[in-house]
Each structure stands twice: as structure tokens, then as C-alpha cells.
Amino acid sequence: GGSFSIPLSSINVLNLDGELKAQLEHHLQSADFFNAVLYPNITFQIKSVAVYDGNGGDNVVAGANYEVTGELTFLGKANTVAFPAKIDFSGNRLSAEALITIDRLEWGMDYASDSEAPQYILPQIDLRLMLVADQH
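So this note's numbering is basically just the index in the sequence shown, starting at one, shifted up by 30.
Don't take each hint at face value.
Listed next, the in silico DMTMM-like pairs over lysine to aspartate or glutamate satisfying Cα-Cα at most 25 Å (straight line) [as the list claims (entries may be wrong)]:
no. : residue 1 : residue 2
1   : K116      : D88
2   : K77       : D133
3   : K116      : E101
Now the in silico label distances, taken between C-beta atoms and shown as ranges [stated by the list, open to error]:
no. : residue 1 : residue 2 : range
4   : Y141      : I36       : 28 to 36 Å
5   : K77       : A147      : 35 to 43 Å
6   : G31       : P148      : 40 to 48 Å
7   : L50       : F119      : 36 to 44 Å
These are computed hints drawn from the structure, not numbers from a lab.
For glycine and all other residues, C-beta sits at the position ideal for the given N, C-alpha and C.
Turn these sequences into a full structure, and let the hints steer you where they fit.
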């Protein structure tokens, strides 16, 4: 079990620089996308963890050993998501890594979702999760 929260103020565009980077980060935090003013955090509540015996795949982190299922909440809506993750325990440290693909439309993020419009944005969002926790 457990949970974690990601502040939307931490959005960091890595493939742009300067003014374009700042504009995109601001737009992603706007009401068009994550609406960070009303919903400042994305949260994930773990519901179950089971041994992952899959063969991997295109969107599976190398070394995945557990299947994690939980509730992902943003824009005020929670949906169940499940994904393979590589989880390691070493001493007092837990580290986890996963690749997650979600459909933004399931959370009501519908900006530029009309496939016939000139400014169409695909509904899939690819997330890379890297989490480290120390027990004190």
C-alpha cells in the first residue's frame, strides 16, 4: 500500500529551451490541461501489488517485477490504472520505476481532442515514474 503526490508546479519540459519552454509549461498548468490552480497535485493511491510475470513489451520498464494497481487522480477525477514496475528494496531504501500510458480523455482533459481539428493532440499521455523512498 501507500500513496504519493506530484505537484503540478514541478512540470518541467525537457525538450525545449527559453521562451517556448516557459510557454508550454505554463500552458500545461492552465485550465486547458491540468488546471493546476484548482487541482495543484496529481495523486496515486496504491491498491494492490502483485508479482509481474509478463514478458515486458514496448511500454514496460526493463526488469519489471511487480504489477501495481491503484487510483490515479487529477482534475478531480480518480481512475484505476495498472502497470508493470521495477521495484527494488535495498536496506532502508525502496526504489521504483515504471512506464505508464493513460488516456487523458478519461480524466476529462479534452483540449484539442477533436481529431478533425488542425490543432489535434493525441489522447495518450506517456508517464515515466521514478520514485525513491528511504525508511527512517
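Task: Violated hints, by number in ascending order, as checked against the structure - done: As far as the earlier hints go, only 4 is violated by this structure.
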